[in-house]
Every structure is written in C-alpha cells, then in structure tokens.
Amino acid sequence: MEGERLFNIVQMILGLVIMILSLQLGIGTLKKPGSGLFPFFCGFLILSLAILIMILKEKTEINVKILLDSYAKKNLALMIITFILWILLMPFLGYLLGTFIGTYSFSKIMKLEGWQKPLILSAGTTVFCYFLFDYYLYLDLPRGFLGI
Amino acid sequence: MDLLINGFVSFFTLKYFFACFVGVFLGTIVGVLPGLGPATTMALMLPFTIMHGPMFGLIMLTGILCGAFYGGSTTSILVNIPGEAASVVTCIDGYQMAQKGRGGAALALVAVGSFIAMQMGIVGLQIFAPMLARVALAFGPPEYFALMVMAVIILSNLSGGSPTRGYSMFCLGLFLGIVGLDPLTSIPRFVFGYDDLMSGIEFLPVAVGVFGISEIFFLSMKPYVPPSVKKVRFKELYPNKKEIRRSIFPTLRGSVLGFFVGLLPGPSAVISTFLSYALEKRLSKHPEEFGHGAVEGVVAPESANNSTAVSSLITLLTLGLPFSPSAAVLYAGLVMQNVEPGPLLFQNSPEIFWTLIAALYIGNIMLLILNLPLVGFFARLATLRPQVLMPIICIICLLGIYSVRNNLFDVWAMIFFGIAGVFFRKWNYPIAPLVIGVILGPMTENNLRKMLMGFRGNLSMIFDRPIALVFLFVTLAIIIFKIFNYFLARYALTKKA
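The listed protein sequences correspond, in order, to chains R and S. With the numbering used here, the residue at position 11 of the first sequence is 11, and numbering never jumps. With the numbering used here, the residue at position 64 of the second sequence is 1064, and numbering never jumps.
Isolated chain R (complex conformation):
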C-alpha cells in the first residue's frame, strides 16, 4: 500500500505542476480560450481525482499475480536494462547485430534453456528482420560500424 500511496502523491504533484505551467501559458478567457485552458482543466482533474482516491481510501485488490517478489524484480530489472542497452548501442552496432544480441539476451532472461536454442532463435529472428525491414519494406535502419 505504501507504493500505491507514493503513486497517488506523484499524481497529485503532477496535477499541480500541470496546473501551474498551464497558468504560465495563459488560460485566456471564455471568449478567447488560451493555450493553457485545456491542460489546466486536465491538471485540475488529475489532482482532484488523486485526492479523491486517497480520501476514499479505495482499497486496491492487490493482484497477487503481480506482486513483485525477488524473482519478478530481478527479471523486470534485467528486461529494462536490456531494453536500455539496446537503445544505446543499436546505432553503433547496427540493427542486425543489435537484433541478434538483443534476441539472445531476451531469450536468456526469459529462461530459454542452453545456448543452442537462443542462438538459433537469434539467428532466425535476425534473418526475419532483415527480410522484413530491409528487403520487403526498404526501411533505412542504422547499419552500425560494420555497415551491415
């Protein structure tokens, strides 16, 4: 419940910040509404609803399947790190090499056994992506330092 309370507080702060920034943009008048009018109302509603949720003390039925135990936290962290590394390294490695390494990493995080299956999966995915993005769609994706 503590995490949820923190989330509520973040919502309230977000709503407040939106309202303040909207006032800076100018809400105008009813005859001539300004750029900040609509976001001001959005921010006001976000803030009010977050306060309402907290006041009503709505009890979340914690979905036990989504409880973040240590196994779940570790895997989630690994997935996020892999996504981030892919985004950072893909322009340098090129999309094909990025696909190969990315697929291998994701499959190992998802607990695909051994090294042969992930290798075959990575190679197959890379070939599929090449035919789809390069051959069929002619998309200009990064080639990386190898130029492939």
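There is no bait here: all hints are sound.
Chain R stretches covered by chain S per the calculated footprint, using a threshold of three residues with CB under 8 Å from any CB of chain S:
id: 1; segment: 3 to 13
id: 2; segment: 86 to 99
id: 3; segment: 129 to 141
Read the hints as simulated data drawn from the structure, not as lab findings. Glycine is no exception: its CB is placed at the ideal position from the N, C-alpha and C atoms.
With the hints as your guide, set chain S onto chain R.
Leaving out everything else, chain S in the frame of chain R:
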C-alpha cells in the same frame, strides 16, 4: 447496392486480398496466444501498412481485430486459457464441453456462430453507418464536445474496477495528447526544450508500451507453466442435432446484443460477452447446466463479441471518434494516411467504406475456412513458449516503433510507458482509458475551444443546441445515478452493521 458492388470490385485486387488474408490469419494467431491483444498487434503492424495506402492498412488491421475474436475461443475451449479478454466467459462452459469430449463440437458451433454474428454485424454496419453519418453532418463542436464528455463518463464506468481511477487515467491521456505545439497558436506546451516533443507524444509508443511492453514485462516476471491442450481432430468437429438446435437462438440473440453494445465506449466486446451469458442463463430452461458445459453459454458470448468487433467501427467511421483501444489504433492509422474518419468520409471517399464492407464479407468467409480445418494448428500455437515468442516480439516492437520516425525518442517513450504500464496494472489503474485519452485529447480540446469561441463566451447558447443538450443530460443522469448508488450502498452497509 451499386456502392456495395463497387466496393467488391475495388476489393478484388491481389493487394487487398493479401492484406485481408494476412490480417485474419495474424488476428487468429493473436487471438489464440494469450498476452498479445488485438490492439497491440494492430499498433505493431501499423508502421508496416503505411507504405501501402490507407485501404490496405484498414483492411489488414480490421482483419486482425476480427480474427482475434475468432481465435480467442480456441484456447478458451481447449486449454481453459482465454486468448484475449473477450473470450474469458467462453472458458466457463467451453472447457467443460471439451472435458466431456465435445470440444470439437464446441469449436464448430462457435466458428459458425461467429460467422453468422459477423455477417449480421456487417449488414448492420452497412445500414446504420451511412444513416448515422448523415445525422452526424449536423454535429458541430458543441455536439462533439458533449459526446466526448458522455463517452468519458461511460468509458470510465465500464472499464472495470474503480471509475475514479478510470477518469484519472483518461485525464492523463488527454494531457499527454496535447503535449507539443498548440495547433491554434503554435506555442510549445510542456516540451521542456526537447525538440522531439514539439510534434507531441506519438500514439504508437504509448499504445505499444502500455499494452505490449508491459505485458512482456509481466510474462518475464513469472515462471512459465506449460498448459495442457485437449487434442481435437477434424473429424470430431461435428455437433449433434440437439446441440445445433440449442445454439440457433442464442447465436441470433448474442449477435443482436453484441451489435448494440459495440456502440458503447470502452471494452464493449468484454461487456457484450458477460451480458450475453447472463441473458442466456436467465432465458434457459436448464440454467443449472451453465458452468457445466451448456452450449448456449459458449455460442452466445462468442457471437456477441464477434458482432461487437464490427459495430465498434460505426462510431469511428461515422463520427471519427474511437471508443476502444483497437478503434484508436485504426483512427491513428487512417490519420497517418491523411484520411479523416467521420461523416465527411462518406461524402468525400465513400469507396473506402464500401471496400471495407466488401473486405469484411470476404474476411469473414476466410475466417470460417481457416478456423475449422486448422483448429489443431491454432491449438498447438497456444503451447508456444513465451521464451521463444516474447524475444521476437520485443525486437519487432523496438524496430517497428523506431522505424516510424527513425527516432530513438519514440523507443524511449515506449519503454517508459511499458514500465508505467506495469505499475498501472499493479494498482488496478485501467490502461484503456489512457490510450483512448491520448487520441481524443487533441480532438476534445479543439472542439472545446471552437465551441467557446463560437459561443463568444456565452455558455447559455448551449441551450440552442438540442443534440448537445441530450448528450449532456445523459451524462448528468449517469453521474447522478452513480452518486445515488454509492450513497445507497453505504447506507445499506451502515444499516447492516
């Protein structure tokens, strides 16, 4: 009739036939595989359809939507795992029929029922959409704004869980939708100096992030338990006379119910299945059979959700308002191709609507042909391990989103919303309102500002707009009803205590 014939003539090209086939095939696969919903798949396929024109994209994406509802029943019946949310109810009696050795019959009845339901839905779309488009020509900014307000109230109440959280997510979506340059004044709003935000937050990274990436995160967080699949052979797909007789009226009732529920904002497919199941149980002479393999409990919900898939296109095509995540993706796809859905679509580009109708008729036949003989193949797909499938989906998400604008910012946004999606789902904040809010945000603001400028600040002029007043009264009635129910429930609780 001439327009429909022209539609068929336009459709019968290799390109559109291919789009239709790929759409329904992919949709069926998506329906079978738990975790991947039609909205995510449609969003992922969107970048690949851009180069082929709006009609190609519309046909393929609609094929995915309809195929997903067909395919979802396969795993519900054979594995007791719903392929997608609208097939949850089918598990109740469908799996029980499979346990009794009548799985093949259930699949056949569902396939035929879905075919009939979709046919009825297509006829309804054909009749009502042009009529509603003519009425919608009288809509101005006040009517659209009032309709959107009403849609928000209905959507947030029907999204399941707490309506307060639904409203909150919708407001967040509205805000995210207006980030970027103000269309009227060109003032940058909430961009914080980032050039990438000047054109706003793209819809696709948000949709793929909260639906697709968050689902992948969830799958990675739990150990995989392989499902056991009931095997069905083609020759076992024969229902007996009694089962056929019992399925006729539930199919028809489900089709009609699903068609009208599909006009509502929100998860109308899911709602239609629950309503249909409840209706059949009430009307049945043997309600005690429900939960233990009642044929009515299988065919009626599946007919309802297939009919909903078609009728949910009506508000998108005639009013230009997407009321579900799948419709939001279709809207985004059409706008990316400079096709503006709404009443003017029927005036300026009627061939788009009628070619789509033709594609739906042909696609429905394709689905019936695919789903019966290939039922074994699709059932085996349900056993495909996420360890094999999810890495491929991850890469396609990454490359697909990157390829839209060749911009890594979109990929960062997708990951951010994927992480946010995990926490939204953990604390039961529904994500469908967020996605719909992103699409409706610019429209809602635009209509509000035009309305205020048109009224010259005098809000009493709303009383000169009867259609807008009707929408606002309905909205007020729903709000009063919800407040009344809330206090009634609290009073009942205090009295009990």
